[in-house]
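All chains, full assembly: derive it from the sequences and hints.
Protein chains in written order, with this note's numbering: chain A, 1 to 264; chain B, 1 to 207.
To be clear, the hints were calculated from the coordinates, so they are not data collected in a lab. Predicted model, so just to flag it, every value in this text is computed and none were measured. Just so it is clear, CB atoms sit at the ideal spot from N, CA and C, and this is done for glycine as well. Among the hints, a few may not be true.
[To be verified] Just so you have them, the derived chain B footprint on chain A, three or more residues with Cβ under 8 angstroms:
| no. | segment |
| --- | --- |
| 1 | 197-204 |
| 2 | 210-218 |
[Stated by the list, open to error] So, partial list: chain B residues that the calculated Cβ filter (under 10 angstroms) puts toward chain A:
| no. | residue |
| --- | --- |
| 3 | W36 |
| 4 | E42 |
| 5 | S48 |
| 6 | V118 |
| 7 | H156 |
| 8 | V197 |
[Said to hold, decoys possible] Pairs of lysine-lysine residues, derived as BS3-like cross-links and limited to a Cα-Cα distance of at most 30 angstroms, are as follows:
| no. | chain 1 | residue 1 | chain 2 | residue 2 |
| --- | --- | --- | --- | --- |
| 9 | A | K59 | A | K147 |
| 10 | A | K211 | A | K147 |
| 11 | B | K130 | A | K211 |
| 12 | A | K211 | A | K59 |
| 13 | B | K123 | A | K211 |
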Amino acid sequence: MNTAATQTLAPMPASAPARGKRRDDPKLELWIAWWVTIAFYNIFTIAFFILSRTQPPPKAWWHLPRIVQWFDDNHFGILFGFAMMFLIVGFSIAANALIAQSMRRMSVSPMFAYSYLIIYSLAGVPGMLLTCIALTVGAMRPDRDPKLLSLLYDMGFLSFSGTMGIFLIGSLVWGIAIVLDNNRVLPKWFGYMNLSNALTEVVVAPCVIFKAGPLAWDGSIAYYINMVIFGIYTGAFIMLLRNMIMREDFGSGVLPVLEKPPRR
Amino acid sequence: MTNVVSAGLGRSSGGLNSKAETELRASVIPGQPDIWVLVLLEAFTFSSYFVVYMIYRMRNPGLYLHSQAQLSLQLGVVNTIVLLTSSWSMARCVQSARAGDYGIALRDVSLTILLGLVFTVSKLFEWVTKTQAGLTFTSNEFFMFYYFLTGMHLLHVLMGFVFLGVVVYQLSSPARRSQEVIETGATYWHMIDFLWVIIFALLYVMR
Numbered sequence: 001m002n003t004a005a006t007q008t009l010a011p012m013p014a015s016a017p018a019r020g021k022r023r024d025d026p027k028l029e030l031w032i033a034w035w036v037t038i039a040f041y042n043i044f045t046i047a048f049f050i051l052s053r054t055q056p057p058p059k060a061w062w063h064l065p066r067i068v069q070w071f072d073d074n075h076f077g078i079l080f081g082f083a084m085m086f087l088i089v090g091f092s093i094a095a096n097a098l099i100a101q102s103m104r105r106m107s108v109s110p111m112f113a114y115s116y117l118i119i120y121s122l123a124g125v126p127g128m129l130l131t132c133i134a135l136t137v138g139a140m141r142p143d144r145d146p147k148l149l150s151l152l153y154d155m156g157f158l159s160f161s162g163t164m165g166i167f168l169i170g171s172l173v174w175g176i177a178i179v180l181d182n183n184r185v186l187p188k189w190f191g192y193m194n195l196s197n198a199l200t201e202v203v204v205a206p207c208v209i210f211k212a213g214p215l216a217w218d219g220s221i222a223y224y225i226n227m228v229i230f231g232i233y234t235g236a237f238i239m240l241l242r243n244m245i246m247r248e249d250f251g252s253g254v255l256p257v258l259e260k261p262p263r264r
Numbered sequence: 001m002t003n004v005v006s007a008g009l010g011r012s013s014g015g016l017n018s019k020a021e022t023e024l025r026a027s028v029i030p031g032q033p034d035i036w037v038l039v040l041l042e043a044f045t046f047s048s049y050f051v052v053y054m055i056y057r058m059r060n061p062g063l064y065l066h067s068q069a070q071l072s073l074q075l076g077v078v079n080t081i082v083l084l085t086s087s088w089s090m091a092r093c094v095q096s097a098r099a100g101d102y103g104i105a106l107r108d109v110s111l112t113i114l115l116g117l118v119f120t121v122s123k124l125f126e127w128v129t130k131t132q133a134g135l136t137f138t139s140n141e142f143f144m145f146y147y148f149l150t151g152m153h154l155l156h157v158l159m160g161f162v163f164l165g166v167v168v169y170q171l172s173s174p175a176r177r178s179q180e181v182i183e184t185g186a187t188y189w190h191m192i193d194f195l196w197v198i199i200f201a202l203l204y205v206m207r
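Written as structure tokens, this is what we have:
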């Protein structure tokens with residue numbers, strides 16, 4: 001078992017080895033999930049930040065004419081960007097599965113992994129899909145009644161920002177699992193970072209009350225500072241999951257330390 | 001359960017060089033080094049909130065001055081003294097634990113919890129009186145910041161009770177009593193005390 005563990009510690013080379021070897025690699029599924037996660041976040045960034053320009057979000061206090069103009073300005077971007085999201089939204093499952101896998105590898109109860117999976121499987125519906133649907137419906141017929149466009153505008157952005165509670169609880173679940181874990185699957189500092197991320201997500205809740213200022217859905221606190229923390233957190237967990245896969249020995253005890261520094 | 005909770009706040013439990021690492025760390029940094037990531041991240045986050053507050057305050061100093069006058073400076077001072085005292089008792093707890101006086105350490109952490117509860121009740125009382133006086137979350141910009149900053153801080157205090165609970169659990173049996181875990185809990189509690197002092201200065205004092 002130790003020999004097998006040593007053999008599987010080295011990272012997979014970027015170029016494909018002999019076909020027989022790659023097919024036998026027990027970590028192949030884990031790497032596929034990790035790369036799908038990377039792909040998902042990149043496509044998400046392109047769809048939301050570049051094409052549809054729904055991130056950073058426009059102002060919450062805009063009145064009807066300005067909202068209509070926003071839909072008009074971003075008409076094709078919204079349609080193409082979110083059409084793309086509708087296609088690849090299933091990719092988000094890879095990240096959730098990998099994170100749940102990390103919890104299954106820990107010494108804590110599988111209850112943590114199951115809770116996380118359930119929470120995050122549901123989180124994508126109000127937290128992302130509803131935004132895509134509402135704004136796509138708004139962009140689809142530009143001659144729609146401005147009041148309806150305004151309704152879809154509010155629904156889209158409030159659902160994206162206001163449903164952070166789901167992610168908050170998910171962060172707590174993962175954070176507590178990491179802190180309680182004896183198998184050293186993920187470092188304790190990242191467990192605490194989950195707690196910090198969870199607390200930060202609380203600040204988004206007031207966006208249902210304020211249409212302007214730092215606590216609005218586009219506010220400096222509720223959005224920008226929140227996104228900085230979330231960005232650091234996401235970058236950290238992607239790299240830590242990569243590290244975890246490289247260390248994976250498919251056992252049930254303490255995950256071995258990497259003997260070589262990770263190869264880029 | 002013992003090992004689970006001991007590992008809970010970062011105690012090393014086997015693995016390569018863990019004991020040597022732990023001993024080295026124990027001589028350099030109090031508590032588990034990992035908790036300092038949380039402390040620094042929270043300090044950064046709250047600092048950014050404070051900067052936003054200062055920027056908004058600069059735009060409308062009259063409103064903020066007038067609104068600040070509605071706050072009870074006395075209550076703010078009492079809250080600050082309560083939290084500072086709780087930090088003192090937590091420091092005493094760490095000191096007692098280091099000396100092996102676990103009974104006294106348990107008493108000290110219990111005092112910390114009690115003072116934390118006093119702070120919590122006091123804060124809730126203050127919110128209720130302000131709300132009854134018509135000064136709510138949406139009254140004006142200053143009170144939005146007031147409820148937001150004190151609310152976020154109280155949330156951290158509530159999480160602090162979890163850390164203190166783990167410290168109590170550690171101290172209550174000879175089978176546990178990890179100095180590292182106790183110091184980790186103390187580090188977190190000192191952090192929320194530190195944050196409160198700044199909030200107090202910004203909201204209550206700085207005029």
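Okay, which hints does this one fail, numbers in order?
-> Hints 6 and 8 not satisfied by this model.
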